[in-house]
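**Q** Sequence:
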Amino acid sequence: ASTATGTGNGDQGEILKLQRTIKDLREEMRREVDEHQHELTALQDVQRQKMADITRRHKDDLAEYEERIEELEEQIHGGVSPASSPSDASKMSDLQQTVVALQEAADQREEQLQETSAGLEEAQRKQASLLQEKDEAQEENTELLQNYTRLQTSVTELQTRVLEQEGKSLQKAQLEQDIQALRDKLTAAEKEIEGLKNLDEAEPKEEVEHADILELNTIIGTLRQEKEVLEQDKLDLEERLGLSEDQRGSSSAAAESGEPQEFVEDLKLELLHREKALRNTEEERDTLMSELEELDRQNQEATQHMISVKEQLSAQLKEAEAELSSLSAELNTTKDQRRALEGELENQKEKTSQSAFTLNDLHMGKQQLERSVKELKDKLGSAHGQSKEARREITELKKTLREREE
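Residue numbers (this note's numbering): 17 to 422.
Keep in mind that the hints were calculated from the coordinates and are not lab data.
All C-beta atoms, glycine included, are put in the ideal place defined by N, C-alpha and C.
Simulated pairs of lysine to aspartate or glutamate, DMTMM-like, Cα-Cα distance not exceeding 20 Å:
(1) K415 <-> E90
(2) K382 <-> E51
(3) K393 <-> D76
(4) K142 <-> D61
(5) K207 <-> E327
Derived CB-CB ranges, DEER-like:
(6) M380 <-> D123: 34 to 42 Å
(7) E55 <-> T158: 14 to 22 Å
(8) G183 <-> H379: 47 to 55 Å
(9) T234 <-> R295: 16 to 24 Å
(10) T172 <-> K395: 53 to 61 Å
(11) A197 <-> T158: 56 to 64 Å
(12) Q320 <-> Q196: 20 to 28 Å
The task is simple: from the sequences and hints, build the whole structure.
**A** Written out as C-alpha cells, the structure is:
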C-alpha cells in the first residue's frame, strides 16, 4: 500500500509539473503571437504610409519632369532660326543634352518606382504569407488549447482514479488478509468436519465424546445382560414359588412345618428385590439411552453446523476472489489509461515544441521583412537624393534659360 501511495504521489507530481509546463508554453505562445501581430500591423501601416508618400512624390516629380521637358522642347523648337549664332547653337545643344539627361533621369526614376513597387508587392506577399502563417499558428494554438483542456480534464480524471485506486489498493490488501483468514478458517473447519466424520474410526483416547459413547454402549449391553439374567431369575423364582405352593396345598406335612412357609416368604422377598433391581436397571438403561440419543443429536447438529460454516466460508471466499479479480482488472485498465494519457501528453509536448519552432520561424520572417523594408528605405533615400539632384539641375537649367531669354 505504501508503494502504491508513493507511486501515485510521484505520478501526480509529474502530472502537475507537465501541466505547469504546458500552461507556461501556452502563455508564451499567446504572448509572442500577440507581439508579432502588433508588430506586423504597425509595420504594415508605416510601410503603407511611406509607400503612399513615395509614390505621390515620384508622381509629382515625374509630372514636373515631363512638364519641364515639354517646355524645354518647345523652347528648343521655337528658338532655332537661321540667324542663330554659334553660341546659341552650343547652348541649344547643351539644352538638348540636358533634356536627354532629364529624360533618362525620369526613366530611371520610373524604373526605381517600378522596382520599389515590386519590392512593396513582394513585401506585401511576404506579409500576407506571414499573416497566413500567423493564422495557422493561431489555429494550431487553438487546437493545442483544446487538446490541453481535454488533456487537463483527462489528467483530473486520472488523478481521481489514482486516488480511488490507492483506496482500492488498501481495500485489496485488506481483502487479501480477509481471504487468507477465511482460508485458514475453512481449513480448520474442514479438519474439524473430517475429524467428526472419522469419529467412529478414531481411538478412544483421541476423542472424549467417542469414548463416552463406547462406554455408554458397553454399559447398556451389560445392563441388558443383567436384565436378561434378572428376568431369568424371576422366572425361576416364580416357577419355584408355584411349585412350593402346589406342594404346600397337597402335603399335610407341609402345613405342620414352618420351614416351607418361611422358604416361600424368602422366595417372595428375593423376587421383590429382583423385580426392584430389574426396574432400577431398566430405568438406568432408559436414562443411558436418552443420554446416548442426546449425544447423537448433538453430534449431528455439530456436523451440520460445521458443514454450514464451511459452505458459508466457501461462499465468502468466492465473493472475495471475484472482488479481487475485479479490482485487479480495474487496476490494469487504469494503468493502461494512464500510459495512453502519458503518450498523448508526450505528443502534445512535441506539438508545443513544433509551435515554438513555428513562432521562431515567424520571428525570423519578421526580421527578414524588416531588412527588406530597410533596403526599400535605403533605395527610397537614394531615389530621393537623385530627385534632389535632378531638381537642382532643373533649377540651374531654369536659371540658364532665364539668362538666355534676357
